Amino acid sequence: MKTGISLSQLSRLVPQRRSNEWIKLNVGGTQFMTTRITLCRDRHSFLYRLCQEDHDLNSDKDDSGAYLIDRDPSYFGPILNYLRHGKLIIDNDLSEEGVLEEAEFYNITQLIELLKQRIADRKKADNIGKHVHRVLQCHEDEVTHVVSSLSDGWKFEQLINIGSNEQQAEFLCVVSRDYTNSLSTRLHFRDGREKLFQPKAANV
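The sequence shown begins at 38 in my numbering and counts up by one.
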């Protein structure tokens with residue numbers, strides 16, 4: 038549900054004389070200046086209530102008349118710019134999670150939704166293709182036991198027949214699991230056995 042308001046709607050809510058007023062904010066010791074109409078973009082936000090001089094906020098001012106807000110000023114920049122032009126721009130040294138935390142503090146609802154979606158999309162993209170595959174060679178009579186004994190998040194993927202010797206068929210059993218930096222090269226089985234993979238058998 039959209040909660041932002043357009044300039045035409047704002048002009049009806051905020052008298053023209055007051056909408057162009059400049060407001061000073063002291064965020065964590067850093068002073069910002071912007072117009073009342075910018076801070077009033079989201080009617081449900083903390084900043085909108087501040088502009089309406091909501092007495093329930095108990096907002097103090099510094100000696101210059103700037104509203105005092107005890108938050109990180111470096112993360113307030115993206116918040117203010119979003120209110121100015123509706124675009125989310127984040128410097129490389131700032132995290133999306135950090136901006137989200139500030140957006141939630143100021144209760145800027147559309148920005149919160151945008152950041153949550155961007156974070157979810159980024160995490161999804163980061164996880165694409167991050168799987169490790171291992172190959173086990175086993176005899177025909179070992180296949181069932183090998184597959185049923187997998188543990189530690191390993192999953193069966195494929196069984197490849199590579200021929201047979203005089204007694205029975207031989208197979209390559211391909212297994213996979215999600216990649217983590219701490220992933221061991223050992224494949225453990227629930228019966229206590231383990232398999233150490235050589236580098237040449239690490240991927241298929």
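Quick caveat, the hints were computed from the structure, so don't treat them as lab data.
Fair warning: this is a prediction, and the values are worked out from it, not measured in the lab.
Possibly wrong hints are sitting among the right ones.
As the list claims (entries may be wrong) - Listed below are the simulated DSSO-like cross-link pairs for lysine-lysine, each with C-alpha atoms no more than 30 Å apart in a straight line:
hint, residue 1, residue 2
1, K124, K153
2, K160, K192
3, K124, K160
4, K98, K124
5, K161, K124
6, K61, K98
7, K161, K192
8, K61, K160
- Task: Could you check the structure against the hints above and give me the numbers of any it violates, in ascending order?
- Result: Violated hint (a single one): 8; every other hint is consistent with the structure.
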